[in-house]
Amino acid sequence: MGSFSIWHWLVVLLVVLLLFGGGKVSSLMGDFAKGIKSFKKNMAEDDASMEESADKPTGTIAGPGAAAKEREQTAAR
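Residue numbers for the sequence shown follow this note's numbering, so the first one is 1 and each next one is one higher.
Please note that the accuracy of each hint is not assured.
Stated by the list, open to error - As a list, the in silico DSSO-like pairs of lysine-lysine whose alpha-carbon atoms are at most 30 Å apart:
{"no.": "1", "residue 1": "Lys40", "residue 2": "Lys24"}
{"no.": "2", "residue 1": "Lys34", "residue 2": "Lys24"}
{"no.": "3", "residue 1": "Lys24", "residue 2": "Lys41"}
{"no.": "4", "residue 1": "Lys37", "residue 2": "Lys24"}
Note that these hints are calculated values from the structure, not bench results.
All chains should be built: construct the whole structure from the sequences, respecting the hints.
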């Protein structure tokens with residue numbers, strides 16, 4: 001009693017088809033499929049760009065001698 005039977009779902013489907021027509025439902029499902037494909041494509045591109053950026057370092061780390069050189073340059077000024 002808590003869930004719908006197959007007959008309930010068939011009546012709902014029939015009402016939807018009568019209200020919107022078969023062509024509109026078909027085009028709506030096609031648009032939905034295009035949206036999913038676009039989403040998957042963009043997710044794959046994001047993963048690829050994240051992998052590329054993970055391979056490259058974002059900045060440089062100064063070695064221990066860099067601090068001494070910087071002090072010498074500021075003292076010379």
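Status of the hints after comparison with the structure:
1. Lys40 / Lys24: Holds, because 24 Å separates the two Cα atoms, which is no more than 30 Å.
2. Lys34 / Lys24: Roughly 15 Å between the alpha carbons, so the hint for lysine 34 and lysine 24 holds.
3. Lys24 / Lys41: holds (26 Å)
4. Lys37 / Lys24: holds (20 Å)
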